[in-house]
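S.K.: Listed below are the residues making up each chain.
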Amino acid sequence: MTELVSIRDAYGRTILELGRENEDIVVLDADLSSSTKTTLFAAEFPERHFQMGIAEANMIGTAAGLASCGKIPFASTFAVFATCRTFDQLRMSVAYSNLNVKVVATHGGISVGEDGASHHAIEDIALTCALPNFTVIVVADATETEQAIRAAAEHRGPTYVRLTRPSVPIIYRERCDFVIGKAIRLREGKDATIVANGLMLSRALEAARLLATEGISTRILDMHTVKPLDKQAVQEAAADTGAIVTAEEHLLHGGLGSVVAQTVVEHRAVPMRFVAIRDQYARSGKPEELLELYGLTSQAIANAVRQVVSEK
Amino acid sequence: MTEETLSVSELQGKARCLRCHIIGMTATAGSGHPGGSLSAADIVAALYFRVLRHNPHNPQWEDRDRFVLSKGHAAPVLYAALAESGYFPRELLRSLRCCDSPLQGHPEMHHLPGVEASTGSLGQGLSIANGMALAGRLDGRGYSVYVLLGDGELDEGQVWEAAMAAAHYDLDHVTAILDRNRQQIDGWTEDVMSLEPLADKWRAFGWYVLETNGHNMEAILEALATARMVKGQPSIIIAHTTKGKGASFMEDNLRFHGNAPDREEMARGLGEVRTEERCKVCGVDYPGPC
Chain A
130 MTELVSIRDA YGRTILELGR ENEDIVVLDA DLSSSTKTTL FAAEFPERHF QMGIAEANMI
190 GTAAGLASCG KIPFASTFAV FATCRTFDQL RMSVAYSNLN VKVVATHGGI SVGEDGASHH
250 AIEDIALTCA LPNFTVIVVA DATETEQAIR AAAEHRGPTY VRLTRPSVPI IYRERCDFVI
310 GKAIRLREGK DATIVANGLM LSRALEAARL LATEGISTRI LDMHTVKPLD KQAVQEAAAD
370 TGAIVTAEEH LLHGGLGSVV AQTVVEHRAV PMRFVAIRDQ YARSGKPEEL LELYGLTSQA
430 IANAVRQVVS EK
Chain B
377 MTEETLSVSE LQGKARCLRC HIIGMTATAG SGHPGGSLSA ADIVAALYFR VLRHNPHNPQ
437 WEDRDRFVLS KGHAAPVLYA ALAESGYFPR ELLRSLRCCD SPLQGHPEMH HLPGVEASTG
497 SLGQGLSIAN GMALAGRLDG RGYSVYVLLG DGELDEGQVW EAAMAAAHYD LDHVTAILDR
557 NRQQIDGWTE DVMSLEPLAD KWRAFGWYVL ETNGHNMEAI LEALATARMV KGQPSIIIAH
617 TTKGKGASFM EDNLRFHGNA PDREEMARGL GEVRTEERCK VCGVDYPGPC
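Chains A and B supply the protein sequences, listed in that same order. Mapping to this note's numbering: the first sequence position 161 is 290, numbers consecutive. Mapping to this note's numbering: the second sequence position 119 is 495, numbers consecutive.
I should point out that these hints are in silico values taken from the structure, not numbers from a laboratory.
Here are some of the chain B residues that sit facing chain A, going by a computed Cβ distance under 10 Å:
1) Ala505
2) Gly507
3) Ala511
Computed footprint of chain B on chain A, listed as stretches where at least three residues anywhere in the stretch have a Cβ under 8 Å from a Cβ of chain B:
4) 177-185
5) 209-221
Quick look at which bits of chain B chain A covers, simulated, 3 or more residues with Cβ under 8 Å:
6) 485-492
7) 525-538
Backbone N, C-alpha and C fix where the C-beta goes; we use that ideal spot for every residue, glycine too.
When you get a sec, could you build the whole thing from the sequences and use the hints?
M.R.: See the structure below:
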């Protein structure tokens, strides 16, 4: 039985620690504090936690106002609400204004599960990548979350961090050398590269182990920072392995795959395949069921690798 | 803050300066929003030359009062007030909306001193103002935050989210001023999307509501002074104004919401506003449209 860790709890713990270290850290929530796990912070620093109610646009604008006066606001809600209904506020009050607002969004992707399409976030990475000045991060496990949240607090500028709802397999047991904008090479390989992040990273590792038994050696890149993309890592992957598969819990359009493909085509075009949701909304179901149904599996990644390798 | 306190008559003179600049700079730019800038000129003059604690030589002074122009299309009145206050040379006003000018079509906060928030997409300023007030409270700073809203802007739902939040958090350092000029782009507000009863609505949202004649300087000052004394809840001053106030042919004229005066209209408008010799002292020569 794979050991699972909660990403949201990691955020809750880390933001509390950060709050103790720096009194300029403030937290905002939109009636989802018990889900985003900012309750720990709220309990210890009630004067620095702002419950904004189910009013996400106002939450983002308020965070912008706080940031303009030197605070470091972390605004949290579900990923779909953090980006879709707030897009103009993110655009004008945060991105265009280049204010130091951190949007930490839980419930990314379709692994949200039974709540269904209204609560799934399949476009949040595309949306946030379309905002100049934003840094966009997708974390894969608890250790990476702790490092990413700390890095986000340290970084000056608009930042989006996407967390999953379910607990996830451990990727980084001991440590994670997280640096914004620097992909982590999780596995060496020479026949193909899988570029993945978030929940799909563990699926990528499973796919690589399966492929290894077939004699296919696969490099794996944890591309936690989608923006700014680690272009050098992608270019090296194209040069060294000659075939790339991307895997993300997101629409095909506009996410990790799109961004990686741009760099690949610009620099050195190699065969590519994309494991992502194909232009559709998902539905209610158990997280594992939905990931299977919409093709976000280690088998799908392995198939894609076999395809690109055959096209080399 | 200016070293000496300006009299009512001097403030009225400042408002006329702002009106000249608005007419001149929009005509020169060939575009812009003169109507909604002119309607706010008396309010903005009262704020920048009497009420706001601010320092043009230290725009980042941490204890300064903040002014958020939520109705960002009225950028000309803000730019005029900042120039007249000394944040930048008046001559820069001639470059409104030019490609290489810091005087963008709607306010942009990082390239022009004195601009507190980048606005223009309506409905966002009150949220930002609330955030500023919350920061001030956390830091134990007593600054006030003023936010100028348009009445058409009240159609935007975010304004009401922010209104609820301001009352919920007892933000008595937030004072909103509503430029109630009764018009928006497609017509009278009550024909487009009726707002009345407005005062009742704000009271229902937990705000202390004042109403005033938005072109009577004494009344404006009295309302601002009263608002400053309100404790435990935010205040809104509903300022009854006329769009295009100051140039007779612009008043209540929908055309001048988002259209600049042409050369002949600029001359006519400036002629009407400049009723005293002292109005000519600012020395900015607006070349008018090309």
